[in-house]
Amino acid sequence: MGHLLAIDTSSGTSVAVLKDGVAFAEIEIADTRSHTESIGDAIKDALDQAGLKPQRITAVAVGRGPAPFTGLRVGIAAAVMFAEGTGAKLFGLVSLDAIARQELLSRDLAPGDSLPANRPLLVTSDARRSELYWALYSGLDRHGVPVCIEGPAVNRPADIAEQLGARGIEAATTSLTISALAIGQLFEAQAAGGNLSHDVTALYLRNPDAVEPKNLRDFGKKVSG
Amino acid sequence: MSDWTIRPATEQDLEAIMAIEHECFPEDAWSQDNMHYELIAHHTEYFVAVRDQAVIGYAGLSKVASSDQGDVQTIAVLPSARGLGLGRALMDALLTAAKRLHAREIFLEVRADNPVAQSLYLALGFEHIDTRKNYYQPAGVDAWIMRLTLPKRSIGREPVVLGIESTCDETGVGIVRGTTLLANIISSSMDEHARFGGVVPEIAARAHLEALKPTLDRALAEANLSLEEIDAIAVANGPGLGGAVMVGVAAAKALSVATGKPIYAVNHLVGHVGVDILERGQVETPTVALLVSGGHTSLLLVRDLLDDVELLGETIDDAAGEAFDKVARVLGLKYPGGPEIDRAAAGGDPNAIRFPRGLTQAKDMDKHRYDFSFSGLKTAVARWVEVAETKAAVGEGAELNVADVAASFREAVADVLVSKAVKACLDHSVPRLLLGGGVVANARLRELATERCAAAGIELRIPALSLCTDNGAMIATLGAQLVMAGRKPSSLAFGADSTLPVTTVQTP
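Which chain is which? The protein sequence lines are A and B, in order.
Numbered according to our numbering, the first sequence spans residues 96 to 320.
Numbered according to our numbering, the second sequence spans residues 156 to 663.
Please keep in mind that the hints were generated in silico from the structure rather than gathered at the bench.
One should not assume that every hint holds.
[Said to hold, decoys possible] The calculated lysine to any residue pairs, modelled on SDA-like cross-linking and capped at a C-alpha distance of 25 Å, are:
#: 1; chain 1: A; residue 1: Lys114; chain 2: A; residue 2: Ala205
#: 2; chain 1: B; residue 1: Lys416; chain 2: A; residue 2: His98
#: 3; chain 1: B; residue 1: Lys218; chain 2: B; residue 2: Ala349
#: 4; chain 1: A; residue 1: Lys139; chain 2: B; residue 2: Leu461
#: 5; chain 1: B; residue 1: Lys218; chain 2: B; residue 2: Lys254
#: 6; chain 1: B; residue 1: Lys368; chain 2: A; residue 2: Arg301
#: 7; chain 1: B; residue 1: Lys218; chain 2: B; residue 2: Ser274
#: 8; chain 1: B; residue 1: Lys416; chain 2: B; residue 2: Leu461
#: 9; chain 1: A; residue 1: Lys139; chain 2: B; residue 2: Asp372
#: 10; chain 1: A; residue 1: Lys184; chain 2: B; residue 2: Glu384
#: 11; chain 1: B; residue 1: Lys416; chain 2: A; residue 2: Gly97
#: 12; chain 1: A; residue 1: Lys148; chain 2: B; residue 2: Glu383
#: 13; chain 1: B; residue 1: Lys416; chain 2: A; residue 2: Pro149
#: 14; chain 1: B; residue 1: Lys416; chain 2: A; residue 2: Asp304
#: 15; chain 1: B; residue 1: Lys489; chain 2: A; residue 2: Asp304
#: 16; chain 1: A; residue 1: Lys148; chain 2: B; residue 2: Ser274
#: 17; chain 1: B; residue 1: Lys643; chain 2: B; residue 2: Met345
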């Protein structure tokens, strides 16, 4: 396996270059409103830091979210086109899965270990509009890939708590946020288990903010009202 | 410091040039007509050396756009001004122009009995490749043919540029070689917006993300090129829907980094003007441009495509295309409204109802001489329809005549658009009008523009419809112009600017 370029823009702009799970370069731009401005230089700087020409990248792994729309698309569009431009293979990963793996490893869970059934890991990220993206994980499979038992979904924090509470679940939580490095490491684990996906569809989990007018003539009626 | 300068020649220099021509070449001077043509022709570049506002030397280059060879047409310096380095400076100006125009080889002829000139050309890198016997008549002097080979600047004769467009609901990828169209692929999300009666920005942005790669692949296939054969990437970074523009910009940047090709961030609206190059080889300037689409209604004065574009006016509320969509809704017609209203208006009386023409009254002429407003018009149509239907319902009037309403509305829009565009041409003494944008598809707009431009002696340009609607080819075309003009690529740091002003043709 050659070098991997990992990209995630579900929060800030995060780009990493890895080989066999080891980071060669990491660029983190926390600002959640400058993905478009940052993405080109972030990729270029990561390659420069790793001392690699673009053609040395043989795989691109991108976080598919879930995440607010605009920023998420920037990372996916960039990943698609970087792969197009270099001939690298393109893979999509769920950003919340990458956080889950990091958290579970930090809790000294070994591959193949599970959490107690009523104490799964709840991973959340900011979905704006007072909502959270979330998913529940029961542990790690034997390759170290987190096992998602529910989600990803988007709800209000109170609704998530109520839903879990009603089922007697006392979920563990994490304060970790997403990084491209975590995406790259999850990629290695998934590759070992042979369950990588080429699907890079954005996980929006919300429909576009558009209300279909019941009567397309509504506009005309309103003016005299 | 020298007390002379070199500048591009203009028609006004003709007389002074002819005086030097006769002094330097008494036996075989060009005629004034020939020299005049040389000065004004599009394939030539002439320069003059000036001292105390007097022309003391000149030189000219000929370079046809479709060829990679250039010719030094002539060079002359007044005997009294020789030995000052003018010849060298004039040659430098010609060679700079030749490089800018992507010439690979420059040819010239020089008298075999003129060692001073020969040594200058040799010093500049020209080689003596041939001799023509008895070339200069009547003296019967031989000519040396000399050639300078310039280093290769790009693949092929002209740069191959890929253009990405994603400012509204069309994902466009176009490829041009210089001024020649190689591919123009458009993927539209129009159908997805239909049930909402207008473009939904989030739906458009999502569609771009899905469509970009397949659209790019199709464009490359159509042009029969691989990405390695592309010399530069151009992308529209605004104006437009922010979220939509971002997708194209992010894609273009990653493609640029991955392939190592330079990136050019170009203005979408100026792209609409530049697209005329694909049909005519150039945009004749100055020109007024009327750009009308679902997102824009803008009147531009273009004195120079790359350096001098001025916004004369724009809509202060709805775009014209939006007005068509909304009125179509009122009339129970489908989205997009333009073609539907065109169809419904056939057979209708355009003078049946006198709908208001926004911002055309005397009081508007100060602040909004070239601005547009369609909000009042669409409200007037809605009110008119409502009143007519209410009357018909209580038996006081006839059924709503959709054809008359559609024709009268369409007439009001076309009338305002064309009136203001023609006024802008006349006010600025510009004899040309260029139309662009999707609303150009409207039959009545084209008809009215044709009539009124003919009456006012204005030349009207309407590019093919596939080039009028949003497309990647226009972005590639403008990018290629920047490359050929020797402009520096944009940095990777530019953003998507939904309100990018037309004065910013390229974002650095």
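How the hints compare with the structure:
1. Lys114/A <-> Ala205/A: 22 Å, holds
2. Lys416/B <-> His98/A: 21 Å, holds
3. Lys218/B <-> Ala349/B: 50 Å, violated
4. Lys139/A <-> Leu461/B: Roughly 29 Å between the alpha carbons, so the hint for Lys139/A and Leu461/B is violated.
5. Lys218/B <-> Lys254/B: 10 Å, holds
6. Lys368/B <-> Arg301/A: 24 Å, holds
7. Lys218/B <-> Ser274/B: 24 Å, holds
8. Lys416/B <-> Leu461/B: Status holds; Cα separation ~21 Å.
9. Lys139/A <-> Asp372/B: This hinted pair holds, its Cα atoms lying about 24 Å apart.
10. Lys184/A <-> Glu384/B: 21 Å, holds
11. Lys416/B <-> Gly97/A: Satisfied, since the Cα-Cα distance of roughly 23 Å is no more than 25 Å.
12. Lys148/A <-> Glu383/B: 15 Å, holds
13. Lys416/B <-> Pro149/A: Between Lys416/B and Pro149/A the Cα gap is close to 12 Å, so the pair holds against 25 Å.
14. Lys416/B <-> Asp304/A: Given pair Lys416/B, Asp304/A is violated - Cα atoms ~37 Å apart, limit 25 Å.
15. Lys489/B <-> Asp304/A: Within the cut-off at roughly 21 Å; holds.
16. Lys148/A <-> Ser274/B: 46 Å, violated
17. Lys643/B <-> Met345/B: 36 Å, violated
Checked against the numbered hints given earlier, the structure breaks hints 3, 4, 14, 16, 17 and satisfies all the rest.
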